[in-house]
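Let's have the full structure, built from the sequences with the hints guiding it.
Numbering follows the numbering used here, with no gaps: position 28 of the sequence shown is 28.
FYI, nobody ran anything at the bench for these hints, they're computed from the structure. In this text, a Cβ means the ideal position worked out from N, Cα and C, and glycines have one as well. No false leads were slipped in.
Okay, derived cross-link-like pairs now, DMTMM-like style, lysine to aspartate or glutamate, Cα gap no bigger than 25 Å in a straight line:
hint : residue 1 : residue 2
1    : K190      : D180
2    : K130      : D148
3    : K77       : D207
4    : K121      : D180
5    : K190      : D207
6    : K190      : E169
The calculated label-pair distances, taken between Cβ atoms and stated as ranges, are:
hint : residue 1 : residue 2 : range
7    : G198      : N174      : 16 to 26 Å
8    : G23       : G179      : 41 to 51 Å
9    : R102      : K21       : 16 to 26 Å
10   : G36       : M178      : 33 to 43 Å
11   : K182      : G204      : 23 to 33 Å
12   : K149      : Q74       : 21 to 31 Å
13   : H220      : G198      : 15 to 25 Å
14   : G204      : K30       : 15 to 25 Å
15   : D25       : D175      : 39 to 49 Å
16   : E138      : I35       : 17 to 27 Å
17   : G204      : A16       : 19 to 29 Å
18   : G179      : Y133      : 31 to 41 Å
19   : G23       : M178      : 36 to 46 Å
20   : H134      : W200      : 40 to 50 Å
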Amino acid sequence: MRVFLALLLLAGPASAGVWTKTGPDTMSFKGGIDIGEYDRFALVFGPSIKEIVVDSEGGVTFEGIRIAHAIAAQNVKVVVTGECLSSCANYLFVAGHQREIRGGVVGYHGNVQACFGTPAKRAEWIEKMKNHYHMTPEDIRRNLEAQDKEVADEARLLSMMGVSQGLFERSCTNDKGMGDGKSYAFLLPKRATFEKYGLWGIVGEQDPAVMRTRAWPYVHD
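Written out as structure tokens, the structure reads:
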């Protein structure tokens with residue numbers, strides 16, 4: 001039996017999300033980005049959509065990337081209420097041509113390239129597939145090919161939206177670039193940090209109080 005491992009960038013346990021048409025040109029998404037998420041998204045999304053309100057802890061990377069490319073291809077505003085973490089922040093928030101944080105947080109802890117794509121991390125991932133998942137050489141090859149495609153699709157999205165990979169390199173580190181010797185689960189960028197990495201014109205501010213309902217340590221910088 002062939003084994004395929006989907007790469008996850010996820011805040012915690014999650015089920016598939018719910019996509020809802022909320023008006024003639026608006027829709028919402030709440031929940032995790034799970035296998036099959038693009039198909040559920042596509043049932044609601046269309047040329048009329050101008051705004052998507054999201055509240056998501058993240059999830060399966062290739063599904064998030066595919067959704068993001070569809071959002072980026074038309075002039076859509078992405079609004080965060082509650083959480084937009086991991087794959088939601090990396091892909092859905094980045095894909096918005098306008099972006100708003102409305103009583104919520106946008107949190108990063110690296111993308112596929114930063115967390116899996118460097119030579120050292122790729123070697124570590126191969127070792128894990130061999131010895132932890134006991135995958136065959138063919139299955140490992142297929143997974144690495146899928147990972148390479150995700151890395152390329154991520155890079156294409158970032159280039160399209162003018163966002164720097166540096167944000168994800170920083171947020172994949174344990175200390176989230178703070179240099180204080182502490183370990184954080186998420187980086188919640190302040191406005192100046194968003195702008196440093198190419199995320200300009202965000203309406204609203206991060207509300208770190210949202211994260212206090214969670215056990216994860218974070219840094220707001």
